[in-house]
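Protein chains in written order, with the working numbering: chain G, 1 to 369; chain P, 1 to 529.
It is worth saying that the hints were derived from the structure and are not from the lab.
Heads up, some of the hints might be wrong.
The calculated label-pair distances, taken between Cβ atoms and stated as ranges, are [stated by the list, open to error]:
#1 Met100(P) / Val38(G): 52 to 62 Å
#2 Glu116(P) / Asn328(G): 50 to 60 Å
#3 His331(P) / Met162(G): 54 to 64 Å
#4 Trp191(P) / Gly341(G): 50 to 60 Å
#5 Leu308(G) / Asp394(P): 20 to 30 Å
#6 His385(P) / Val38(G): 50 to 60 Å
Among chain G residues calculated to face chain P with C-beta under 7 Å, some are [as the list claims (entries may be wrong)]:
#7 Tyr227
#8 Arg230
#9 Ser231
#10 Arg232
#11 Ala239
#12 Leu242
#13 Gln243
#14 Asp245
#15 Ala246
#16 Tyr249
#17 Gly250
#18 Gly251
Okay, the calculated bits of chain P under chain G, using three or more residues with CB under 8 Å as the criterion [what the hints assert, rightly or not]:
#19 343-352
#20 366-378
#21 387-394
Backbone N, C-alpha and C define an ideal beta-carbon position, used for all residues, glycine too.
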Amino acid sequence: MTAPAAPSSAAPTGARRARTAMAESLLPPIVALLIALVAGDLLILAFGQSPAAVFGLLLEGTWGNAYGFGQVLYKATTLICTGLAVALGLRAGLFNIGAEGQMVVGAFAAALVGMWLPGGTPALLAVPLAIAAALVAGGGAGWVPGVLKARFGAHEVIVTIMLNFIILALVNWIVAAHLRVPETLHTPEIQAGRVARLSTVVPAFHGSAANFTIVAALAAAAFVWWYLFRSRPGFDLRAAGLQPDAAEYGGVRVGRVWIRTLALSGALAGLGGINFVLGYKHYYEEGVTGGFGFLGIAVALVGRNHPLGVVLAAFFFATLSQGGLAINALVPKQFVEVLQGVVILAVAAAVPEVRRVVRLGVGGSGERT
Amino acid sequence: MSMPHDGTSAPPAVAVRMTAIVKRFGPVTANRGASLLVPAGEIHAVVGENGAGKSTLMHILAGLYEPDAGSVEVEGRDVTGWTTREAIAAGVGMVHQHFMLVPTLTVAENVVLGREPRRGLAVDMALAQEQVVALGRQFGLTVDPRRRVADLSVGEAQRVEILKALLRGARILILDEPTAVLSPPETRELWRVLRRLQEGGATTILITHKLDEVMEISSALTVMRHGESTARLTTSETSPAAIARAMVGRDVVLGTGSGTGDRSPAGARDAMAGGRVHALEVQNLVIATPTRERAVDGVTFGIDPGEIFGIAGVEGNGQTELVEAIAGLRHVSSGTVLLGDRDLTRASVRERTDAGLAHIPEDRHRRGLVLDFPVADNLILGLQHRFSRRGRLDREAIGAQAARQVADFDIRPPDAARPARALSGGNQQKVVIAREMGRAYRVLLAAQPTRGVDVGAIEFIHERLRAARAEGKAVLLVSAELPEILALADRIAVMYRGRLAAILDRRDATTERLGALMTGASAADVLPA
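Whenever a hint applies, use it, and build me the whole structure from the sequences.
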């Protein structure tokens with residue numbers, strides 16, 4: 001190569017380069033946000049309302065009072081987990097569309113453990129057991145597409161999508177046929193393994209679903225950061241995601257990385273399942289995910305596959321989701337879904353990872369083991 | 001697409017005149033007052049080290065970049081800051097180092113892409129094929145227009161690129177390192193085409209690293225260094241040594257001499273080989289691939305400590321597969337790979353590394369580096385397990401190792417936090433070499449170790465390989481460059497269609513003999529009885 005050393009990315013000092021990198025990673029989401037705001041304004045005007053009033057109401061209903069903020073916290077908890085699940089996969093070059101199903105089995109497994117444990121089991125034992133069950137179940141659901149990809153070259157996108165249907169149908173059948181409380185569509189309430197609401201410590205949150213699962217979600221984000229950037233398996237994972245051939249040359253068994261990563265990704269999504277079951281309703285029912293497994297893809301995208309970005313993006317989407325209820329009086333709540341869509345499109349157009357994954361997907365990354 | 005100057009009008013005396021070109025990319029200045037003067041009908045070489053600004057200058061000429069200062073004239077017309085579209089319309093065509101072809105389309109489809117002859121709404125494919133054949137015949141660029149580009153050899157793909165430029169009416173052709181991917185016969189073929197184009201009045205500008213090529217094909221040359229044009233020389237009045245001096249700014253030991261002066265001390269080598277256990281031994285290796293029956297078809301050789309064993313051959317005769325199999329990156333159908341007395345045929349990459357195998361892969365962009373990783377992380381690629389404890393990367397040790405190797409191997413810029421992608425080709429290769437040769441090892445696989453790097457880096461790499469031999473390492477050197485093999489290797493094997501056609505002692509190896517073996521002659525025909 002005689003090209004002048006990729007000059008655009010060359011900067012004189014480490015500090016300056018770090019700033020450039022920071023700008024590069026922060027700019028797309030911010031620009032996307034601005035685009036979404038403008039699009040939102042136009043839409044609101046089309047409804048004959050004032051944008052200031054609508055956005056004011058949206059903020060008032062979310063960050064403006066303790067209950068609204070509690071709801072944001074609750075929704076962000078789930079989104080952090082599913083966002084991390086998708087982000088971790090993307091770092092390894094894997095597109096895990098299965099967070100939805102993995103979250104469902106995680107929630108279901110946690111509910112089973114909570115049901116079967118005797119009512120008096122101390123929380124210190126029951127909660128970790130229920131969480132472990134969610135992690136193992138979600139991890140298992142992620143492990144399967146990993147093995148199928150590494151062994152047979154089955155593309156993870158197809159397999160995880162199909163597994164979503166299988167898992168949902170299977171779990172819902174088990175609940176409907178064997179476990180449901182008569183006249184309802186959910187399992188009996190669990191007696192052991194409940195996670196305390198935040199309102200037990202901060203009474204202002206009273207009535208909101210916010211619970212201590214948020215601590216587990218934030219711990220998971222910290223762990224994913226450490227795993228990706230400070231651990232050897234994380235080094236292998238990122239190498240395999242960026243350049244599978246170079247990773248293989250570097251002694252990385254890429255197939256094993258795929259299996260390990262999808263299992264871990266599934267476990268993270270499974271962790272998201274406990275928020276509803278252990279922290280909020282205390283039972284499993286059809287539709288526990290509320291589509292947050294799929295929304296995790298958007299969270300990872302906007303969060304640029306970085307754990308910190310995922311946390312921020314999770315709060316953003318949680319705010320939108322909760323805010324939709326608040327502004328229902330002025331504009332239809334589907335308005336926020338349009339807003340979500342605009343953000344996702346704008347970020348997708350700007351984020352290079354998306355292009356790479358799309359390329360990998362088209363080229364069929366399943367042939368290397 | 002007829003050549004323009006068919007006698008009716010006098011050709012303009014000057015095809016290209018670039019004056020005081022300045023081009024900055026952020027803080028980096030790629031061209032600082034570079035100039036280029038190319039008379040019409042000349043084959044003009046532009047030479048210089050990696051990062052000297054050659055490609056930038058050519059990209060400005062082809063309309064890809066706009067210069068920050070300076071002027072560009074083509075055939076007497078000021079075209080400073082033109083676009084690629086305008087450049088193509090004015091007859092300036094560029095063949096890039098990395099081909100811009102659609103692999104799934106046929107040759108004819110690629111050539112006419114964007115200016116397809118039409119019949120009604122449909123593309124007139126028959127006419128397109130005719131055009132390609134006619135153009136090919138005119139310039140001796142033979143390639144079947146109906147074949148898919150994915151099935152072509154690199155040399156053929158390059159011909160398609162040239163055809164593409166010619167069909168668009170190029171009479172000033174810019175070739176960016178055209179021979180980097182070609183075998184010697186393909187290179188000769190390219191020279192023939194360029195001479196033919198020259199007879200037709202076309203002007204060719206050729207970016208290259210290889211001084212023997214400059215001497216062979218060009219009539220004049222421009223030397224670039226640090227973004228400036230330091231010399232404009234007439235080829236017939238200069239020498240490779242003088243050009244190298246102008247490129248590097250100091251004297252350079254060129255390794256293309258007889259090769260007798262730099263052999264390892266014979267005594268040391270014999271002493272080390274005394275035990276009769278080869279450092280690396282390959283027995284009857286067979287590699288079957290899905291596409292070809294046998295990429296490697298029964299290869300046997302052994303390399304002693306303190307020996308450089310060279311494998312010459314036209315690319316695509318199984319060298320890549322052979323090296324990857326020894327490195328553990330490719331499944332072996334049958335046969336054995338021994339490191340010392342240890343059987344590594346089925347060992348993992350990591351086991352091989354720990355057994356003392358080092359590997360400079362032929363494609364540093366695909367295999368040798370994770371381009372988006374910082375230099376420091378690339379310096380431990382394959383050694384992660386040595387730089388971590390209980391799954392935790394030892395960032396301190398990684399940083400210390402990087403600082404040491406950046407200094408030892410003169411990696412520039414000396415900033416290990418920079419992504420490998422931001423380094424020049426020569427410095428990227430130094431990262432690979434620092435990692436592989438900067439640790440304890442017994443056997444080194446060096447596949448095309450100097451591909452696409454500049455003269456200064458070539459010299460550095462050759463020195464390292466000789467030093468490795470002197471330290472008693474066994475080196476397997478695979479190279480498409482015969483002069484490199486002849487300059488370094490103690491024994492030379494020629495690979496042809498998956499087999500070793502012959503193994504020659506260095507003193508029996510001549511360019512002619514190796515060339516004959518590379519193109520399919522049998523050992524009996526070539527070697528003295």
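Results for each hint:
1. Met100(P) / Val38(G): 52 to 62 Å: Given a distance of about 37 Å, which is not inside 52 to 62 Å, the answer is violated.
2. Glu116(P) / Asn328(G): 50 to 60 Å: 55 Å, holds
3. His331(P) / Met162(G): 54 to 64 Å: At roughly 30 Å between Cβ atoms, Met162(G) and His331(P) fall outside 54 to 64 Å, so the hint is violated.
4. Trp191(P) / Gly341(G): 50 to 60 Å: Once the Cβ atoms are compared, 58 Å apart, the range 50 to 60 Å for Gly341(G) and Trp191(P) holds.
5. Leu308(G) / Asp394(P): 20 to 30 Å: This hint holds: roughly 24 Å between Cβ atoms.
6. His385(P) / Val38(G): 50 to 60 Å: 51 Å, holds
7. Tyr227: 9 Å, violated
8. Arg230: 6 Å, holds
9. Ser231: 5 Å, holds
10. Arg232: Because about 4 Å separates Arg232(G) from the closest Cβ in chain P, which is inside the 7 Å limit, the hint holds.
11. Ala239: Check passed: Cβ of Ala239(G) comes within 5 Å of chain P, closer than 7 Å.
12. Leu242: 5 Å, holds
13. Gln243: 5 Å, holds
14. Asp245: Since chain P brings a Cβ to about 5 Å from Asp245(G), closer than 7 Å, the hint holds.
15. Ala246: 5 Å, holds
16. Tyr249: 4 Å, holds
17. Gly250: Gly250(G) check passes; min Cβ-Cβ to chain P is 4 Å, inside 7 Å.
18. Gly251: Holds. Min distance 4 Å.
19. 343-352: holds (count 3)
20. 366-378: holds (count 9)
21. 387-394: Held - the region 387-394 of chain P has 4 residues with a Cβ nearer than 8 Å to chain G, which meets the minimum of three.
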